[in-house]
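Chemist: Read off the chains here:
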Amino acid sequence: MPGLELKGVSKFFGNTCAVETTDLSFPEGQLTALLGPSGCGKTTLLRMIAGLEDPTHGAIWLGDADITSVPSHKRKFGMVFQSFALFPHYSVRENVAYSLTIGGMDKSSAYEQANTLLDTVQLGGFGDRRIGELSGGQRQRVAIARALAQEPSVFLLDEPMSALDAKLREEMQVELRLLQQRLGITTVVVTHDQREAMTMADQIVVMSNGRVEQHAKPQQIYHEPANAFVADFIGKANFFDGIVKDGGVVIGKNRLQIDANFQSGSPVRVAIRPERTCIVDTPGDNTITAKVMFVRDLGPLREYHLQSDIGPVIAEYAAGENNPDLKAGDTATVHLPVESLRVFPQANAA
Amino acid sequence: MTIADDIAVPPAPATTKSRAFPTQRVLLGLLSAFVVIFCVLPFILVLAISFGRKIEGAAWVWDFTLENYQRFFVGILWPDEITFLYLQQLGYSFYFAVIASLLAVLTALPFTLLLTRLKRASQAIWLVFILSSLSLSEVFIVMGWDILLSNNSGLPKVFKETGLTAWLKDVGWFQTLRDWGLANPRNVKFKTSDFATILTMSYLVWPYAVILLYPALSRLDPSLSEAARTMGAGRWTVTRTVTLPSIRLPLFGTSLLLFVFLLGSYVAITVFAAPNKHTTAVAIYANIRGSNLNAPFGSTQAIMLLISASVCLYLGHLFNNRAQAR
Chain S
0 MPGLELKGVS KFFGNTCAVE TTDLSFPEGQ LTALLGPSGC GKTTLLRMIA GLEDPTHGAI
60 WLGDADITSV PSHKRKFGMV FQSFALFPHY SVRENVAYSL TIGGMDKSSA YEQANTLLDT
120 VQLGGFGDRR IGELSGGQRQ RVAIARALAQ EPSVFLLDEP MSALDAKLRE EMQVELRLLQ
180 QRLGITTVVV THDQREAMTM ADQIVVMSNG RVEQHAKPQQ IYHEPANAFV ADFIGKANFF
240 DGIVKDGGVV IGKNRLQIDA NFQSGSPVRV AIRPERTCIV DTPGDNTITA KVMFVRDLGP
300 LREYHLQSDI GPVIAEYAAG ENNPDLKAGD TATVHLPVES LRVFPQANAA
Chain Z
0 MTIADDIAVP PAPATTKSRA FPTQRVLLGL LSAFVVIFCV LPFILVLAIS FGRKIEGAAW
60 VWDFTLENYQ RFFVGILWPD EITFLYLQQL GYSFYFAVIA SLLAVLTALP FTLLLTRLKR
120 ASQAIWLVFI LSSLSLSEVF IVMGWDILLS NNSGLPKVFK ETGLTAWLKD VGWFQTLRDW
180 GLANPRNVKF KTSDFATILT MSYLVWPYAV ILLYPALSRL DPSLSEAART MGAGRWTVTR
240 TVTLPSIRLP LFGTSLLLFV FLLGSYVAIT VFAAPNKHTT AVAIYANIRG SNLNAPFGST
300 QAIMLLISAS VCLYLGHLFN NRAQAR
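Chains as they are written, first to last, in numbering that gives the first Met the number 0: chain S, 0 to 349; chain Z, 0 to 325.
Just so you know, these hints were derived from the structure itself, not from any lab.
Hints are supplied without guarantee of correctness; some may be wrong.
Within a straight-line C-alpha distance of at most 16 angstroms, the following computed EDC-like cross-link-like pairs (lysine to aspartate or glutamate) qualify [to be verified]:
| hint | chain 1 | residue 1 | chain 2 | residue 2 |
| --- | --- | --- | --- | --- |
| 1 | S | Lys-75 | Z | Glu-225 |
| 2 | S | Lys-290 | S | Asp-324 |
| 3 | S | Lys-73 | Z | Glu-160 |
| 4 | S | Lys-235 | S | Glu-223 |
| 5 | S | Lys-6 | S | Asp-53 |
| 6 | Z | Lys-159 | Z | Asp-169 |
Which chain Z residues stay away from chain S? Per the calculated CB distances, all over 12 angstroms, these [what the hints assert, rightly or not]:
| hint | residue |
| --- | --- |
| 7 | Ala-57 |
| 8 | Trp-61 |
| 9 | Thr-161 |
| 10 | Leu-167 |
| 11 | Trp-205 |
| 12 | Pro-214 |
| 13 | Ile-246 |
Think of the CB as a built atom: it goes at the ideal place given N, C-alpha and C, for glycine as much as any other residue.
Work out the full structure: start from the sequences and follow the hints.
Modeler: Following this line, the structure appears as structure tokens:
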């Protein structure tokens, strides 16, 4: 199955830019997540891939073929919609067999194939049911089976988990990922849930305001965010705004050492993940004094919410880790390791 | 003694209730009287008169005879001869109403679909325009169409003056129009014709069709047709397999409503239909207010028209229930 490539694709609705000029490649057989807040252009991008919207500029390539002007019904990309878009006037089996029957396959063969697909998504025996009789999770599986029926070269999913409750969502994320790996289909998933993207994706494309902010593997996105927006959007982070001076960042009366090259006087935003923020016994380099405001025990995690001279700080410890014995009102010394600090120019700050 | 007897019941706020109670009852009584006098009584009177008897050369008298109903089904000459004149009139009522309502729905459907895809502001303007057209009376509309289709000043004149009639004759289509009753030896003609009758009747109910279809079509989830497209369905396949089945109940309901409405259409039939194709509605008027002055038989025809419409509505209700159950 060939990979998918966007070359200089952009989309305008009137004078409004929904997607800025974008170059992206979706490697063959991999799952890519388009991640971003509402209105960032991720669904528009997916709809352009599906052929439901025409790009204003640029081209979409599938392998060696330019498919920009190929209508959606001739692309035959399997697509799962946010609302699932199941046909209420058809049974589950008829829904799954839809692409086969309209493609000219005789009904008995199409239904047989539909039954196999329903077995694949663990809905064997549900073929005769009406759509209205299914739960949210079952509907999602039917939508997936239906999209897979035409054996698509590219599988597109637009916020497929948004209608499911939290527990079912987590189960379905794993199931969907396993199914995608088993079938080896090039897959693009739109989501605003970073946890979902981290769970399922081989690659993540982080978008904001119609622009691709970063395109990388999930771990790279998390540990090496390209800018403050990505650092803020993916996971949690502590942010401090300061001015670069003599190889460090001055934040109020404090000075933090950084491992980044910025001109002196540049306004920057420093970010550090809560799990990289340490509470230590003795002051040293890159330590600040803070007051414990609140200790949040989440079972597997414990968060210390602190207030320091440079702003609020969260330090996160895993259960079983050497948790500091602190309570609200205590004073703590917080260490911000140089190697864990990410520094971004403030112009790019979210 | 029961437990209930032991429980002290707090006194009801009698003063407030006793003041409000008569007002409500009087209002309810007035409303009931209004409904009975102005809505139910006319129907009862028509029903009662339908069993009355016509006095030849005079008016009619109260009676209880089934002769009028017998006449409706087998004609006035029965038992010597059976004629189906009145059933035929009812048949024409159905014929015109079915075709005109279907035409209105079929033409309103694509328009309303397009309307729902416009911007909200444009939709509002169109809807206000369509709603305002409902203020035009049937007489006014039919008069307009009468002028438009009249042989001396309307479209036939345009056909002749622009040379379209001559061109139709040249290409041989004029004879086809004559075969369809839409031309005389000299020019095209639309009066009297089924074509003009149906067209005008459709026009009369077209705004209703749009307004009745609009809510269902605006609620239609666009992702359904998009999903079908991504699965390889072309435009027509999407319409056939997704759009139409999704709105079959509103489509059926709208058609049924327009059909029942058109069953009683009078002015358009009188102006545009050939006399031998006049409907029950026209015959009712002729009997009650026109030359025949046979109110009992006119009432019988009105009752039969009402029963026919009710049967159609009931069948529609059954179909609707069955479709929903599925």
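Chemist: Confirm or reject each hint.
Modeler: Quick rundown of the hints versus the structure:
1. S:Lys-75 - Z:Glu-225: holds (12 angstroms)
2. S:Lys-290 - S:Asp-324: holds (13 angstroms)
3. S:Lys-73 - Z:Glu-160: Outside the cut-off at roughly 50 angstroms; violated.
4. S:Lys-235 - S:Glu-223: Given that 16 angstroms is the threshold and the Cα spacing comes to 13 angstroms, the pair holds.
5. S:Lys-6 - S:Asp-53: holds (14 angstroms)
6. Z:Lys-159 - Z:Asp-169: holds (13 angstroms)
7. Ala-57: Label holds. Min Cβ-Cβ 60 angstroms, cutoff 12 angstroms.
8. Trp-61: Trp-61 of chain Z clear of chain S: closest Cβ-Cβ about 54 angstroms, beyond 12 angstroms.
9. Thr-161: holds (41 angstroms)
10. Leu-167: Leu-167 of chain Z clear of chain S: closest Cβ-Cβ about 40 angstroms, beyond 12 angstroms.
11. Trp-205: About 27 angstroms separates Trp-205 of chain Z from the closest Cβ of chain S, which puts it past 12 angstroms; holds.
12. Pro-214: Consistent with the label, Pro-214 of chain Z stays out of reach of chain S, its closest Cβ about 17 angstroms off (over 12 angstroms).
13. Ile-246: violated (10 angstroms)
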